[in-house]
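Chemist: Given the coordinates of chain A, work out where chain L with the ligand should sit on it, guided by the hints.
Top to bottom, those sequences are chains A and L.
Heads up: the first sequence at position 4 corresponds to 4 in the UniProt record's numbering, and the numbers run straight through without jumps.
Heads up: the second sequence at position 214 corresponds to 214 in the UniProt record's numbering, and the numbers run straight through without jumps.
Treat the hints with care, as some may be off.
List time: in silico SDA-like cross-link candidates among lysine to any residue, alpha-carbon distance up to 25 Å [said to hold, decoys possible]:
(1) L:35 / A:237
(2) A:156 / L:413
(3) L:434 / L:421
(4) L:463 / A:237
(5) A:58 / L:193
(6) L:409 / A:89
(7) L:373 / A:193
(8) L:415 / A:40
(9) L:409 / A:70
(10) L:456 / A:171
(11) L:352 / A:193
(12) A:29 / L:19
(13) L:193 / L:146
(14) L:373 / A:94
(15) L:432 / A:237
(16) L:378 / L:64
(17) L:390 / L:3
(18) L:19 / L:253
(19) A:58 / L:299
(20) A:58 / L:396
(21) A:190 / L:64
(22) L:29 / A:205
(23) A:234 / L:16
(24) A:156 / L:421
(25) L:373 / A:234
(26) A:190 / L:434
(27) L:434 / A:204
(28) L:437 / A:186
(29) A:111 / L:439
Okay, the calculated beta carbon distance ranges per label pair [said to hold, decoys possible]:
(30) A:157 / L:277: 55 to 61 Å
(31) A:96 / L:4: 45 to 51 Å
(32) A:154 / L:277: 39 to 45 Å
(33) L:58 / A:103: 39 to 45 Å
(34) A:178 / L:4: 30 to 36 Å
I should point out that these hints are in silico values taken from the structure, not numbers from a laboratory.
Glycine included, each C-beta is placed from N, C-alpha and C at the ideal position.
Single-letter residue listing:
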Amino acid sequence: MPNTSPRVGLFVTCLADMFRPTVAFATVKLLEQAGCTVEVPERQTCCGQPAFNSGDRKTTADIARQTIDAFDGYEYVVGPSGSCIGMLHQYPDLFISTDPYFARATELAAKSHEITSFLFDVMGLETLQEKLNQLRFDGTVTYHDSCAGLRELGVKDQPRKLLQQVEGLSINEMEEAETCCGFGGTFCVKYPEISNRMVSNKTDNISNSGANTLLGGDLGCLLNMAGKLKREGKSIEARHVVEVLAGMTDIPAIGEADYDLASQL
Amino acid sequence: MQINTPFFKERAHDAMEDKNLQRALGNLKAGFPEKRAIAVSRMPEFEELRNQGRDLKNHVMENLDLYLEQFEAKVIENGGHVHWARTSEDANKIILDICKQENAKTVTKGKSMVTEEIGLNDYLEQNGVQPVETDLGEYILQLRGDHPSHIIAPAIHLNLDDVAEAFHEHHKRPKSDDPAVLMQEAREVLRDKFVAADVGITGANFCVAETGSTIIVTNEGNGDLTQTLPKTHIVVTSIEKVVPTLEDMTLFLRLLARSATGQEFTVYNTLSSGPRREGDQDGPENFHVVLVDNGRSEMVGTELQDMLRCIRCSACMNHCPVYGAVGGHSYGWVYPGPMGSVLTPQMIGIEKGGMLPNASTFCGKCESVCPVKIPLPKLMRHWREDEFEKHLSPKAVRYGIAGWAFLAKRPVLYKTYTRMATWFMKRWAGKKGKIEKMPLAGGWTDWRDMPAPQGKTFMQSWKEQQKAGEQP
Ligand code: SF4
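Next up, chain A with everything else stripped away, as it sits in the complex (with noise of 0.2 Å):
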């Protein structure tokens, strides 16, 4: 275990910022219930993946030291996205050795967590199994393995094995678990039908498993496949694993209406 109470940097990722807080504010409820001190340092952005899959390598780099110079001084980044954290791992690879910010890249990438797996893997169950037990879910959830999380960074059980602490609920793998949403950032609008494909086929498994919950751990295959159940009028919900490991689950799923906030505008 690290030290008792490591300063974490939220990476708040851009997604979460603009459709879903929610998710943000759950994450810092986890890591501080973990024993973390988190900030979220004021000029961080976006982590460049539009620019990095356009192509566009030099606005790219620009984000990255953009990030770096954000990131300076914490012990931990942590994000509830293993897309956006996969891009930071990415990093060392925009400069070349000789530039300082190589090196600080690659301790940039060395110090960044997927919160799932920060939790898990780093922190240990055991600061926060009490608090995990005291929760309560009664429904049947199918976990989607997101893609950058999964291959990039090993996100399979983590997620899973906190799930698990929480009294009352199930998992119901969906076949395909691993096979990608169809998202893929521009690709869902550049290539719209084949990624709407890739989604209806995904929708059918989440039917098929039977759940009434789909979760995971990136934001923009949630909205992507929440968008899709939405759009065939089915009633599974869509959450970000963080909401319910933090007990926010009282807040409306993704894609849900939500009268009180809108009442208020």
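Modeler: Quick look at chain L with the ligand alone, frame taken from chain A:
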């Protein structure tokens, strides 16, 4: 072969509407990946073999000239001939010249993707030599005037009915949809062709430098007849297929069979080491190897060098969700799937091939199953970078990225913008919690709803909370 790659999207659209094709693709998805998974689970050292395969191929690519020269010297020593073909045209010409020398009317052909790449069949036909495909899948395609949609299962896009129809039309026999009857029919028809052929053309899965041998692996045995019956055997292959020793070859055979079909070993493994020698019971009188470059040597020493490790097992396409949705013909040229998305731009140019490396979510499944660990997503990104640098990316992408980058590089401005955008989307969604249609977001909302933002941005709410916390 005609290049239809720029029409990838249109072809993908048609493919997804094609019920028969979708049925065939469904079978593929259930077939190869499952068999591979079983084969891999039975071999605990598989991961270690992948590392060895990668390292060995890297070593070969770093000494490619050396091994190729060694291979050439050995082939000559064995009494064979080696021809170097820089381009497809060169290769076709060399092969035609050999056919002419032999006064060949018909040539039989084993399955070879390199001959598809260079467009050999059309070229031979135009010049009065009739090629006859002897691999069952390739034979069916030839009857239909069709092309492979998969590198090891060329006719995977067809159903039994299509085959029955093609046989009925060309063999002029009663129509049958019994696979055993069709198989027998093909055997009978092909047997005559084997005997009549003057030249046999095969590909090679590997070329062994230490012995000057080439090897083909098949499950039908057609390759054996193709290369032993005619007087002349021409091996058409490409320069990256060379491996140092026979033992090295066996490493790749183990990786190949498991990754491709989930077999522990392919049924027929046929080595060719030159023409028939004194006392040999069979074998050709003349043995030629045509080594095709076609852009490969330009990849050496660049980021794309990793792609030269490819052993053409097809695992990447078998596991690719995009290939699984649209099938091989959508890719519009010879090589489909992730490996094709890297190779095609190299061979036909990024101007024409740019659609392919973009048609990926970078899910990484291909890389995770590749027996020689080729970083396929990274190499597709290489092409996107090339496109971007050459200003070939679509305007919408360029301007979109530029606008977004302008904000993303200015955190203060970015926060203001995201606040406004979030507020706007929330308003647009109204009380529904989701957006069913939104200007400029048709790519998303034509197909699925857009979940609405919760309200404020996290950064905004966080700041407010911190402030409230400070004031007692
Ligand atoms: S890229 Fe890898 S997985 Fe794909 S065909 Fe080549 S060797 Fe096989």
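Chemist: Do the alpha carbons of residue 352 (chain L) and residue 193 (chain A) lie within 25 Å of each other, as the hint requires?
Modeler: Within the cut-off at roughly 21 Å; holds.
Chemist: Has the given pair, residue 29 (chain A) with residue 19 (chain L), been kept, meaning a C-alpha gap of at most 25 Å?
Modeler: 49 Å, violated
Chemist: So if I understand the rule, the pair passes when the alpha-carbon distance is 25 Å or less; does residue 234 (chain A) with residue 16 (chain L) pass?
Modeler: 23 Å, holds
Chemist: If you draw a straight line from the CA of residue 390 (chain L) to the CA of residue 3 (chain L), is it 25 Å or shorter?
Modeler: Roughly 21 Å between the alpha carbons, so the hint for residue 390 (chain L) and residue 3 (chain L) holds.
Chemist: Regarding the pair residue 409 (chain L) and residue 89 (chain A), is the alpha-carbon distance no greater than 25 Å?
Modeler: 19 Å, holds
Chemist: Would you check the hint for residue 29 (chain L) and residue 205 (chain A), treating anything up to 25 Å between C-alpha atoms as holding?
Modeler: Holds, at roughly 15 Å.
Chemist: Mind checking the hinted window 30 to 36 Å against the Cβ distance between residue 178 (chain A) and residue 4 (chain L)?
Modeler: 32 Å, holds
Chemist: Against the 25 Å threshold, does the CA-CA distance of residue 58 (chain A) and residue 396 (chain L) hold or violate the hint?
Modeler: 18 Å, holds
Chemist: Is the hinted pair residue 35 (chain L) and residue 237 (chain A) satisfied, with a Cα-Cα distance of at most 25 Å?
Modeler: Not satisfied, since the Cα-Cα distance of roughly 34 Å exceeds 25 Å.
Chemist: Given the proposed pairing of residue 19 (chain L) with residue 253 (chain L), does the C-alpha separation stay at or below 25 Å?
Modeler: 36 Å, violated
Chemist: Residue 373 (chain L) and residue 234 (chain A) were given as a pair; does the straight-line alpha-carbon distance stay at or below 25 Å?
Modeler: 39 Å, violated
Chemist: Is it true that the CA of residue 378 (chain L) sits at most 25 Å from the CA of residue 64 (chain L)?
Modeler: 23 Å, holds
Checked against the numbered hints given earlier, this structure breaks hints 1, 2, 4, 5, 7, 10, 12, 18, 21, 24, 25, 29, 31, 32 and 33; the rest are met.
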